[in-house]
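Taking the hints into account, I'd like the entire structure generated from these sequences.
Protein sequence lines correspond, in order, to chains A and B.
When we follow UniProt numbering, the leftmost residue of the first sequence carries the number 1, and every step to the right adds one.
When we follow UniProt numbering, the leftmost residue of the second sequence carries the number 1, and every step to the right adds one.
Source of the hints: derived by calculation from the structure; they are not laboratory data.
Computed from a prediction, not measured in an experiment: that's the story for all the values here.
Treat the hints loosely; a few may be bogus.
To be verified - Short, incomplete list of chain A residues facing chain B, as computed with Cβ under 10 Å:
| id | residue |
| --- | --- |
| 1 | Arg36 |
| 2 | Val41 |
| 3 | Asp52 |
| 4 | Gln60 |
| 5 | Trp61 |
| 6 | Glu79 |
| 7 | Glu80 |
| 8 | Pro88 |
| 9 | Arg102 |
Where a beta carbon is used, it is the ideal one built from N, C-alpha and C, also for glycine.
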Amino acid sequence: MNWLQWSYVAMLAFCLVGTLPLTHLFGLDVLRRPARLAATVLLAGGPFLLWDLWATHVGQWSFDAAQTLPPRVLGLPLEEIAFFVVIPLVGVLTHEAVLAVRAGVRPPWWPGRRHPEPSREEAR
Amino acid sequence: MTYTALSVISIVVAVVVDRWVLRTRLTSTAGWWSAYAIVVFFQLLTNGWLTGRGIVRYRSDAIIGDSHAQLLGDGRLVYAPVEDLGFGFGLVLLSCAVWRWLSRRDEAARTETS
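Structure follows, in structure tokens:
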């Protein structure tokens, strides 16, 4: 195995490194709601994964074996399946972080920062 | 069906689900569009990595352009087929809408029991 095979993993890691800190910075509860998160991944990522499986099987797109890890599930690299967990998560984290900012929540190091308010559901 | 057609369907279905099925109406909020602006910028970067390096490759009869990944033009935007924008929009909007819908349901259940 060589470093090239981690090319797709690197992209997923980049997405997570960029968004997971948002939970701490803006006091998001996304990771503290595992059932809700799993349901979101299933309901939103699921249909897109099925689309991906179909498109891969009819050959609309394909994955470079040299730049992905060897395991395949139903013909897809594991990274491609992880994509449908990672992208819904980073999408939700980004949205929730924007809602928090719009509700006045600021990172801990922000000058004159107010304490995060638990009820920012109305903020749009 | 081509990726081009499915990409457009993805946008329409996600908007219909957001507005009329779950009634989350995120597409009417400045908050969601601000988040999408951030997401789409990083989508261009990360997807450019996947497609520019040929980690993911597309067959020419499924997309507007041909299978050669170029930076811009011939149906490509930062190496990725423009169709990926529809795929990404649908996936991200649906994710945020489902999350918000479930959050609202949880809260309603909590206020009922308390």
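Interface hint compliance - Pro88(A) to chain B, C-beta minimum distance less than 10 Å:
holds, 4 Å
Hinted contact Arg102(A) with chain B - closest CB pair below 10 Å
holds, 6 Å
Given Arg36(A) was flagged as interface, is its beta-carbon under 10 Å from a beta-carbon of chain B?
holds, 5 Å
Satisfaction of the Trp61(A) interface hint, Cβ to chain B closer than 10 Å
Where the cut-off is 10 Å and the nearest Cβ of chain B is about 5 Å from Trp61(A), the hint holds.
Would the hint on Asp52(A) be counted as holding, given a Cβ-Cβ threshold of 10 Å to chain B?
holds, 9 Å
Do the numbers back the hint for Glu80(A), that is, is its least Cβ distance to chain B under 10 Å?
With Cβ-Cβ at 8 Å, under 10 Å, it holds.
So, as I understand it, the hint says Gln60(A) touches chain B; can you test that by seeing if any CB pair is closer than 10 Å?
It holds, given that the least Cβ distance between Gln60(A) and chain B is near 4 Å, below 10 Å.
Restraint outcome when Val41(A) is required to lie within 10 Å of chain B by C-beta distance
For Val41(A), the interface hint holds, since the closest Cβ of chain B sits about 8 Å away, which is under 10 Å.
Is the hint on Glu79(A) kept, meaning its closest Cβ partner in chain B is under 10 Å away?
holds, 9 Å
In summary, the structure agrees with every hint in the numbered list given earlier.
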